[in-house]
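Starting from the structure of chain A, add chain B where the hints point.
Here's the letter readout for the chains.
There are 2 protein chains.
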Amino acid sequence: MALIVQKYGGTSVGSLDRIRNVASRIKKLRDAGHQVVAVVSAMSGVTNKLIAMAEELNNDPSERELDVLLATGEQQSIALVSMALHELDVDAVSVTGRQAGIVTTGSHTRGKIDQINPDLMHKYLDEGNVVICAGFQGVREDGMIHTLGRGGSDLSAIAVAAALKADTCQILTDVDGVYTCDPRVVKDARKMPEVSYDEMLEMASSGTKVMQSRSVEFAKKYGVIFEVRSSLNDNPGTIVTEEHDNMESVVIRGVSIERSQARLTITGIPDEPGMSASILSCLAEAEINIDMIISNIAHDGLARHSVTMHSNDLGKAQAALKPVIAKLGDKAGFETEAGIAKLSCVGIGMRSHSGVAAKMFEALGEAGINIGIITTSEIKIAVTIDEEQIEEAARVVHAAFDLDKAPQA
Amino acid sequence: MALIVQKYGGTSVGSLDRIRNVASRIKKLRDAGHQVVAVVSAMSGVTNKLIAMAEELNNDPSERELDVLLATGEQQSIALVSMALHELDVDAVSVTGRQAGIVTTGSHTRGKIDQINPDLMHKYLDEGNVVICAGFQGVREDGMIHTLGRGGSDLSAIAVAAALKADTCQILTDVDGVYTCDPRVVKDARKMPEVSYDEMLEMASSGTKVMQSRSVEFAKKYGVIFEVRSSLNDNPGTIVTEEHDNMESVVIRGVSIERSQARLTITGIPDEPGMSASILSCLAEAEINIDMIISNIAHDGLARHSVTMHSNDLGKAQAALKPVIAKLGDKAGFETEAGIAKLSCVGIGMRSHSGVAAKMFEALGEAGINIGIITTSEIKIAVTIDEEQIEEAARVVHAAFDLDKAPQA
Chain A
228 MALIVQKYGG
238 TSVGSLDRIR
248 NVASRIKKLR
258 DAGHQVVAVV
268 SAMSGVTNKL
278 IAMAEELNND
288 PSERELDVLL
298 ATGEQQSIAL
308 VSMALHELDV
318 DAVSVTGRQA
328 GIVTTGSHTR
338 GKIDQINPDL
348 MHKYLDEGNV
358 VICAGFQGVR
368 EDGMIHTLGR
378 GGSDLSAIAV
388 AAALKADTCQ
398 ILTDVDGVYT
408 CDPRVVKDAR
418 KMPEVSYDEM
428 LEMASSGTKV
438 MQSRSVEFAK
448 KYGVIFEVRS
458 SLNDNPGTIV
468 TEEHDNMESV
478 VIRGVSIERS
488 QARLTITGIP
498 DEPGMSASIL
508 SCLAEAEINI
518 DMIISNIAHD
528 GLARHSVTMH
538 SNDLGKAQAA
548 LKPVIAKLGD
558 KAGFETEAGI
568 AKLSCVGIGM
578 RSHSGVAAKM
588 FEALGEAGIN
598 IGIITTSEIK
608 IAVTIDEEQI
618 EEAARVVHAA
628 FDLDKAPQA
Chain B
228 MALIVQKYGG
238 TSVGSLDRIR
248 NVASRIKKLR
258 DAGHQVVAVV
268 SAMSGVTNKL
278 IAMAEELNND
288 PSERELDVLL
298 ATGEQQSIAL
308 VSMALHELDV
318 DAVSVTGRQA
328 GIVTTGSHTR
338 GKIDQINPDL
348 MHKYLDEGNV
358 VICAGFQGVR
368 EDGMIHTLGR
378 GGSDLSAIAV
388 AAALKADTCQ
398 ILTDVDGVYT
408 CDPRVVKDAR
418 KMPEVSYDEM
428 LEMASSGTKV
438 MQSRSVEFAK
448 KYGVIFEVRS
458 SLNDNPGTIV
468 TEEHDNMESV
478 VIRGVSIERS
488 QARLTITGIP
498 DEPGMSASIL
508 SCLAEAEINI
518 DMIISNIAHD
528 GLARHSVTMH
538 SNDLGKAQAA
548 LKPVIAKLGD
558 KAGFETEAGI
568 AKLSCVGIGM
578 RSHSGVAAKM
588 FEALGEAGIN
598 IGIITTSEIK
608 IAVTIDEEQI
618 EEAARVVHAA
628 FDLDKAPQA
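Protein sequence lines, in the order shown, are assigned to chains A and B. Converting from the first sequence to this note's numbering requires adding 227 to each position, the first position being numbered 1. Converting from the second sequence to this note's numbering requires adding 227 to each position, the first position being numbered 1.
Next comes chain A alone, as it looks inside the complex:
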């Protein structure tokens, strides 16, 4: 008998039929003798509908009240999933974030999980119940309802698994697992049996949208091994775990792509301390997420700063930087480039294998694909290329590293 924590996302509970499907999946685990805690999201569409109502009433709705409003979505799901289980004669009981003992800190709509007091969940489990726990929510020390922001239900599931010392944590979603590349782009992309926390983190920040980084970080911090798998079939998924020796034999674990990127380059910057900081803090204040950052000195002795961002943010970024540019002097100016995409190769094997970048650039070069900005981390190489060539680029890099073939242990 194992204690299994499962997380079902919004599409997995997106209709009454889907809710019935979730109930029968849970029943199977019960019938096999396991204890189950299911963390569920709001039915897909519900949260967006509530936000639309809020924004129709108020241009800038109070975040405290948004939390009160949005927390109802998960509260509805937990009751409905419990009822569907009762219909299958499975004992089940719902718990809100508060009842699950999920104590949060931080500002409204962006809560962080501080601690979990799982006494009530343990009691319900000991009594033979499946526990259906509201994801995405908790309660602050001051008693206020609190939501956890994007990806919050994944975070809830991983934190609940840690607090309950669960044997297994499954993130059930509408994809089958984590792939070596997006299968819609690279037909022979392969589902990875396992991936390390660090690789998963690099992929999450490189366009592989299976999970938010912070849930993976939380899992890494508390050593929660979890599996990403489909809520619609019984195929094994991808296990996300601490790295071990076998993993290093694979040079590149996967290739991620991110479209709709733009580059903004500030030229003619006097090469003085503090210049980079003033540019970056100005973009941060304008709430623009910047991705890659590179800087170099041009032949005229003046510095060039390039950053990439989502192309939707390009106009906002230029507006925000105008006063900064004005202060930098006459020679300062902008260059912008939209219509680019980012290709990232991720793998912890990179640490012990040399020549990875060379092999990647060679493959792209042979295909006639030009590289723009390059950034690297210990386990990632990322490049920008023309967005029109991104699919071709993914295919040639995927092939160059033999990612279509199962790795040899």
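Honestly, the hints are just simulated from the structure, not real lab data. Backbone N, C-alpha and C define an ideal beta-carbon position, used for all residues, glycine too. Among these hints, one or two may not hold up.
[Said to hold, decoys possible] Residues from chain B shown here face chain A by an in silico Cβ test under 8 angstroms; the list is partial:
| # | residue |
| --- | --- |
| 1 | V273 |
| 2 | N275 |
| 3 | M280 |
| 4 | L284 |
| 5 | L296 |
| 6 | M310 |
| 7 | A311 |
| 8 | E314 |
| 9 | V317 |
| 10 | S476 |
[Unchecked claim] Partial pick of chain A residues on the chain B-facing surface, computed with a CB cut under 10 angstroms:
| # | residue |
| --- | --- |
| 11 | R247 |
| 12 | M280 |
| 13 | N285 |
| 14 | S289 |
| 15 | R291 |
| 16 | L293 |
| 17 | L297 |
| 18 | S309 |
| 19 | A311 |
| 20 | A319 |
| 21 | T323 |
| 22 | I372 |
| 23 | G376 |
| 24 | E619 |
The following block gives chain B in isolation, referenced to the frame of chain A:
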């Protein structure tokens, strides 16, 4: 400066426009210097939609989980009303039943308010906020979410007014107040300026569906004077209060009608102790609400018991009574009559005025309307008549007691 508790029902917050209307009504009170606590229901339709989903998943949904599900309706309303107030630059903060300190007892979906700890509401009021409180819900001692059943939001408002020692309690609804009779039936029905708790209670149980009896009982018990008025205009409504001397000068306060009634008469009952009890307990076990009860002895020395109920329950009642009839002996049997209605005259003045029943029956007789069953209480006379004649009956009785004219003090 007064502390005003208002209750807005489901239709009053039934759309975003209606919510904006509620917000501007509250703003007017704030601008006039008052403190306001608004108790709100779920947007009309929301609760029914949630119940339909529950019943699609489960024929007999768990009442604990129904409470978890249904409480979300009010939680959404309080957040939305608060946001609409912020848009008008009014400081407002929402509280769930739990945050309002509403502690309940009793079984799920039928909670009773046990006590209210209004500290948090006082704090928010002292800080200059309007408090928007979720009606219909509280929390049990064991931490479970609890709803209060039909008419629960009225009960919440009256209990909150009592706990806060509010100066005024207003039940805002889609009618203008309590009328001497249904204005759709009697064109010259008049809105009563005031009515006593006991009269309001008798009317509530006689078909005047403005409020549930238990909210009025709660108000009477705690001496909460409240006003029933419209949420759509500023007309004064009807004040429900303790009776005072002036009230007695009015013989009949109002006429209530209730349609779709049926009579079930059990005949040939041996005149022995315990016979009535076994018949009534049998109907109670079948969860049939019976209204009027009369019993008499026929010329053959056998007793006849008649009860009235909603006509939808007639078949169920007959089925439930079959085994009892079988035990009563050969002479026992049924008589049933559907298609009847009930007419009630209510007024505390009845206590000190004689001849009220005579005057009522005379008016009906002159109009050629036959009377079936008659029951009386200290302040009510109720009769059954043919449903086809109920509107005519209401008009002649209303006229006979001069209810179209304002009473002389």
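Do the hints match the structure? See the list:
| no. | hint | in the structure |
| --- | --- | --- |
| 1 | V273 | violated (10 angstroms) |
| 2 | N275 | violated (14 angstroms) |
| 3 | M280 | holds (6 angstroms) |
| 4 | L284 | holds (5 angstroms) |
| 5 | L296 | holds (4 angstroms) |
| 6 | M310 | holds (4 angstroms) |
| 7 | A311 | holds (5 angstroms) |
| 8 | E314 | holds (5 angstroms) |
| 9 | V317 | violated (12 angstroms) |
| 10 | S476 | violated (49 angstroms) |
| 11 | R247 | holds (7 angstroms) |
| 12 | M280 | holds (6 angstroms) |
| 13 | N285 | holds (4 angstroms) |
| 14 | S289 | holds (6 angstroms) |
| 15 | R291 | holds (7 angstroms) |
| 16 | L293 | holds (7 angstroms) |
| 17 | L297 | holds (8 angstroms) |
| 18 | S309 | holds (5 angstroms) |
| 19 | A311 | holds (5 angstroms) |
| 20 | A319 | holds (8 angstroms) |
| 21 | T323 | holds (7 angstroms) |
| 22 | I372 | holds (7 angstroms) |
| 23 | G376 | violated (17 angstroms) |
| 24 | E619 | violated (47 angstroms) |
Hint violations for this structure: numbers 1, 2, 9, 10, 23 and 24, all remaining hints satisfied.
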